[in-house]
Amino acid sequence: MKLKSRYLVSALAMILLVSAGCRHNTTAAGQPPPSAAVTTVATLLDASNTCVTVEDGLTAADHAIDQVKMSDPEYYAKVGPLIKKISAANAAAAQKVKLAKDTGATDWKPAMLAIASSVNVSDLSAAGVKNPTSQAIVQASLAGLVAIINTINQNFGGTK
Amino acid sequence: MQEFDDFAASVSTVGNSVADMKTKGEALKKAVDKKISEVGQQAASDTAITQVGAA
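One line per chain: the protein sequences are A and B, in this order. In this text, residue positions in the first sequence follow this note's numbering: the first is 359, and each later residue adds one. In this text, residue positions in the second sequence follow this note's numbering: the first is -19, and each later residue adds one.
Any given hint might turn out to be false.
[Stated by the list, open to error] Here's a subset of chain A near chain B, in silico, CB distances under 7 Å, partners left out: (1) Thr401; (2) Asn407; (3) Gly415; (4) Thr417; (5) Ala422; (6) Asp460; (7) Thr461; (8) Gly462; (9) Asp465; (10) Ser499; (11) Ile506; (12) Thr509.
Keep in mind that the hints were calculated from the coordinates and are not lab data. Just so you know, even glycine gets a beta-carbon here, dropped at the ideal spot from N, CA and C.
Next up, chain A with everything else stripped away, as it sits in the complex:
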């Protein structure tokens, strides 16, 4: 799987980081309080960083299951599409976060939560990989990916 969006997300993270560092808040009539604006920028940076982290987890999982593509085609056929689903949801979320930074759009949180709900994480199992060494690598990569995905609801599901 080609993970082209990684570069887009990385660039966005850098832009957000610079924006957060250079932002000057002024109080004016009709403007939100400075603390709210700073919080929004910081949260967008968190969202962007989370997309990068999910991408890292996807890369690890993708490389791991690629190793068993030939030896365990049935397993690959089952788990490969799940990785692609998460990747698509992550790319969509990264675009929403970028749009939010550029235009102030506010609908990016559902896109972040959609990453977490894109698959049933209990389906991300190494069961079916025959070689024990390959199974351990697949298991470790999927456990890491699941752990990352599970934090999305904690970080973006509330009022933050």
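Assemble the complex: chain A is given as a structure, and chain B must be docked to it using the hints.
Just chain B now, kept in the frame of chain A:
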């Protein structure tokens, strides 16, 4: 493999902090690629030894 298993167990608890997640995501990617490379090199070495033994 034990070292990798221990690492995998530590990554499976990434905590709530986005910074912690990001660090462990990067570490996971590197560790998995390193382990795959090691396993590939070992397999190539085993194949070479088998071929020498057969000859």
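Now for the hints, and whether the structure bears them out:
1. Thr401: Since the shortest Cβ distance to chain B is 10 Å, the answer is violated.
2. Asn407: The hint holds - Asn407/A has a Cβ within 7 Å of chain B, the shortest such distance being about 5 Å.
3. Gly415: holds, 5 Å
4. Thr417: holds, 5 Å
5. Ala422: Result: holds, 6 Å to nearest chain B Cβ.
6. Asp460: violated, 21 Å
7. Thr461: Check failed: Cβ of Thr461/A comes no nearer than 23 Å to chain B, outside 7 Å.
8. Gly462: violated, 22 Å
9. Asp465: violated, 20 Å
10. Ser499: Since the shortest Cβ distance to chain B is 5 Å, the answer is holds.
11. Ile506: With a minimum Cβ separation of about 6 Å from chain B (threshold 7 Å), the hint on Ile506/A holds.
12. Thr509: holds, 6 Å
Hint violations for this structure: numbers 1, 6, 7, 8, 9, all remaining hints satisfied.
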